[in-house]
Amino acid sequence: MRTSVIGIGLVALTVGVAAQAAGQGLIFDARRIGMGGLTLGRSASLVRYNPAYRAVPEAADRRGRPRLTIPIPLGIIQFLHDHPHLSTDPAFHPDSAGFNPILAVNTLLNLPIFLEVKRAPTPTNDVVFGIGKDSLRVNLGEAAKLVPEDQFGFGGSSRLLDPGLSIKGVRVGVVGWLHYDIGVQLNDQLLGFLRDSVQALPRTGYGVLGDGIAEGGFAPTVSYAGRVAGDSSTGVYVGGALHYYLGVAYIRSSISAGFRTGDSIFTGPNPVTPLDSGLTSYSRPGNALGHGVGGDVGVAWISGPIELGIGVNDIGATLTWSDTRQDSVFYRDSSFSKPVANHVSTTTKLPVSYVANVTYTVGKTTLGADVLNAGRGATVHVGGEQRIGLIALRGGVARDQRKRIEFGFGGGVRLGPFGLDVGFWTHTNSLSNERGVTMATSFSLY
Amino acid sequence: MRATWLWMTVLAGLAAACGEGHAIFNVDVYSFIKGTGDDSIPYFVPPGPPDSASSTPRRIDLPGAGSSIVDSVVVNGKVNFDNQAGAGTIGLQLYLDSTAAGTMNASALALTVPDANVSGNVPTPDTIIGRLSSNVISLLAGKQVWIRFQAKGSNSGVVLLQGSAVLKGLRLTVVMNDKFF
Numbered sequence: 012m013r014t015s016v017i018g019i020g021l022v023a024l025t026v027g028v029a030a031q032a033a034g035q036g037l038i039f040d041a042r043r044i045g046m047g048g049l050t051l052g053r054s055a056s057l058v059r060y061n062p063a064y065r066a067v068p069e070a071a072d073r074r075g076r077p078r079l080t081i082p083i084p085l086g087i088i089q090f091l092h093d094h095p096h097l098s099t100d101p102a103f104h105p106d107s108a109g110f111n112p113i114l115a116v117n118t119l120l121n122l123p124i125f126l127e128v129k130r131a132p133t134p135t136n137d138v139v140f141g142i143g144k145d146s147l148r149v150n151l152g153e154a155a156k157l158v159p160e161d162q163f164g165f166g167g168s169s170r171l172l173d174p175g176l177s178i179k180g181v182r183v184g185v186v187g188w189l190h191y192d193i194g195v196q197l198n199d200q201l202l203g204f205l206r207d208s209v210q211a212l213p214r215t216g217y218g219v220l221g222d223g224i225a226e227g228g229f230a231p232t233v234s235y236a237g238r239v240a241g242d243s244s245t246g247v248y249v250g251g252a253l254h255y256y257l258g259v260a261y262i263r264s265s266i267s268a269g270f271r272t273g274d275s276i277f278t279g280p281n282p283v284t285p286l287d288s289g290l291t292s293y294s295r296p297g298n299a300l301g302h303g304v305g306g307d308v309g310v311a312w313i314s315g316p317i318e319l320g321i322g323v324n325d326i327g328a329t330l331t332w333s334d335t336r337q338d339s340v341f342y343r344d345s346s347f348s349k350p351v352a353n354h355v356s357t358t359t360k361l362p363v364s365y366v367a368n369v370t371y372t373v374g375k376t377t378l379g380a381d382v383l384n385a386g387r388g389a390t391v392h393v394g395g396e397q398r399i400g401l402i403a404l405r406g407g408v409a410r411d412q413r414k415r416i417e418f419g420f421g422g423g424v425r426l427g428p429f430g431l432d433v434g435f436w437t438h439t440n441s442l443s444n445e446r447g448v449t450m451a452t453s454f455s456l457y
Numbered sequence: 007m008r009a010t011w012l013w014m015t016v017l018a019g020l021a022a023a024c025g026e027g028h029a030i031f032n033v034d035v036y037s038f039i040k041g042t043g044d045d046s047i048p049y050f051v052p053p054g055p056p057d058s059a060s061s062t063p064r065r066i067d068l069p070g071a072g073s074s075i076v077d078s079v080v081v082n083g084k085v086n087f088d089n090q091a092g093a094g095t096i097g098l099q100l101y102l103d104s105t106a107a108g109t110m111n112a113s114a115l116a117l118t119v120p121d122a123n124v125s126g127n128v129p130t131p132d133t134i135i136g137r138l139s140s141n142v143i144s145l146l147a148g149k150q151v152w153i154r155f156q157a158k159g160s161n162s163g164v165v166l167l168q169g170s171a172v173l174k175g176l177r178l179t180v181v182m183n184d185k186f187f
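These protein sequences, in sequence, are chains A and B. Mapping of the first sequence onto the working numbering: position 420 corresponds to residue 431, and the numbering continues sequentially without gaps. Mapping of the second sequence onto the working numbering: position 25 corresponds to residue 31, and the numbering continues sequentially without gaps.
These are calculated hints, taken from the structure and not from any lab test. A hint or two may mislead.
Beyond 10 angstroms from chain A on every Cβ pair, some chain B residues (computed) [unchecked claim]:
no.	residue
1	His28
2	Ala29
3	Asn32
4	Val33
5	Asp34
6	Ser37
7	Lys40
8	Phe50
9	Ser104
10	Ala106
11	Met110
12	Ala112
13	Pro120
14	Ile134
15	Arg137
16	Trp152
Distance ranges between label pairs, derived from CB positions [stated by the list, open to error]:
no.	chain 1	residue 1	chain 2	residue 2	range
17	A	Leu290	B	Asn82	37 to 43 angstroms
18	A	Arg130	B	Ser140	52 to 58 angstroms
19	A	Lys156	B	Val80	46 to 52 angstroms
20	A	Arg130	B	Ala106	15 to 21 angstroms
21	A	Phe347	B	Ser46	35 to 41 angstroms
22	B	Ile75	A	Ala102	48 to 54 angstroms
23	A	Glu445	B	Ile75	44 to 50 angstroms
24	A	Leu290	B	Ser140	51 to 57 angstroms
25	B	Arg137	A	His94	35 to 41 angstroms
26	A	Arg130	B	Lys84	24 to 30 angstroms
27	B	Asn141	A	His94	25 to 31 angstroms
In this text, a Cβ means the ideal position worked out from N, Cα and C, and glycines have one as well.
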């Protein structure tokens, strides 16, 4: 019971900040972190989102790009040093008197892979509750700024595997795909209560509206990528893919949950009554597969020091699920689920995702920028690298899905086939109004 | 029970948000008593030894603060001694306990308002201010607390001292080291 209370009580703050974490993404390369998240060269995201890049030749020697990067997880060492007995550490056990929800949430939001050189300070202001017979008001102080005003959540689409055979630019394969999206929004009453210190009112509903979807499957795919003009130093490359999506399972839920105050806030037989209502649709594995058709297109232009690309994925990807069950979820003393319909047809739509990138290389200087939208807002990265002999200096700026600006800087040294890189990156993933700074380290083989 | 947990759910999130800060509860006790009749305590003190009169205990509902440690509780409020006849002194005592019957025990004494001089048919306003006894402040971390007022008086004259102690406001400021889990 205690665990569930903690889980529900922290969900808004956790998911709200998780959206930022998702926006910045998990990056294990200190070089990339030093450039504010920018990727130079044939990164996985370029090939993933721009099918034309399958045909663009690798240029491993360009821009000092390593063949293999191995992260050095100093953060794990630091974490294990601070918490040597993790399985019994009271700070992570809700049943313990020493449980620290702030630490638990921040650890989840900032996986301790790299060293945290500046922890984002948690607001430590006093919280003031005003309580009367028929009134409740809360002033969270600075911490109120952590309460998200808009819809928050995270999501995107992934391609888990992509085996196939290529002959002269034509490729036949099977793509494993996954789409997930979770969005939560506080209703006006709860938002006002938490953020603006508005007094709680009798006979009023306080709650959150949540929408979520998760679906996955595989897609037999035929694609083409090739150079349509120019040569290997200057050329235009195009790519396209046609997918026949086969959905294995999906679940979509739209729920309003919270509570309604009674005739008075603190007195009366029912001071508050839980509210929970919604509709859940799902097709289990083993049911009829979902079916749909969609495609990807992309183009890349390479001209000496300049490289431009744009790719769009999952165009028109709407799946029809012919064997869907729909349940109504509601609360009557406890939560219930009641079938509404079964074996009905429903549709889902994969989000259109896109990437656009530009890179300019002159001498030992490389500058670049990219915009990536994987279905839930665009992230922007702008950065560069300057190589001076054995040393490389890097810097960059990023804007995450929530339009927060982050900064990266770093450097590296290369000795023959080996390189050691360090990168610093600000982040706003913690339960805090201020930025933290992460130091990433990685080892590279050239 | 479930309703209480729902409030706790909200409070858990709020406590998490404030990190290592204090949780301060401003409890308007008067709002729970106003209009119930218990905000007025008639007193009749004949000449002779001191006497007292009591209100019936009232329950104050609180959100509950788990295992939080109550640092301090400051009381402030106003009371009018609406004296009707006689002359003497009237004071007010506040008792807190987790049960109604418990407020009758001497150990439940939480605050004593110093005596005020009263005489004739003249109302005497007085201020309630002080810190609750450390013996009882932990009760404020619970989900409810019972409160009782007692007027005590002494009659220095020769006629019956009578009137009413009328509460005009009472607020508790409870400062906690929050530990809601």
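Next on the checklist: Hint compliance check: list the failing hint numbers for this structure, sorted ascending.
Outcome noted: 1, 2, 3, 4, 5, 6, 7, 17, 18, 19, 20, 21, 22, 23, 26, 27
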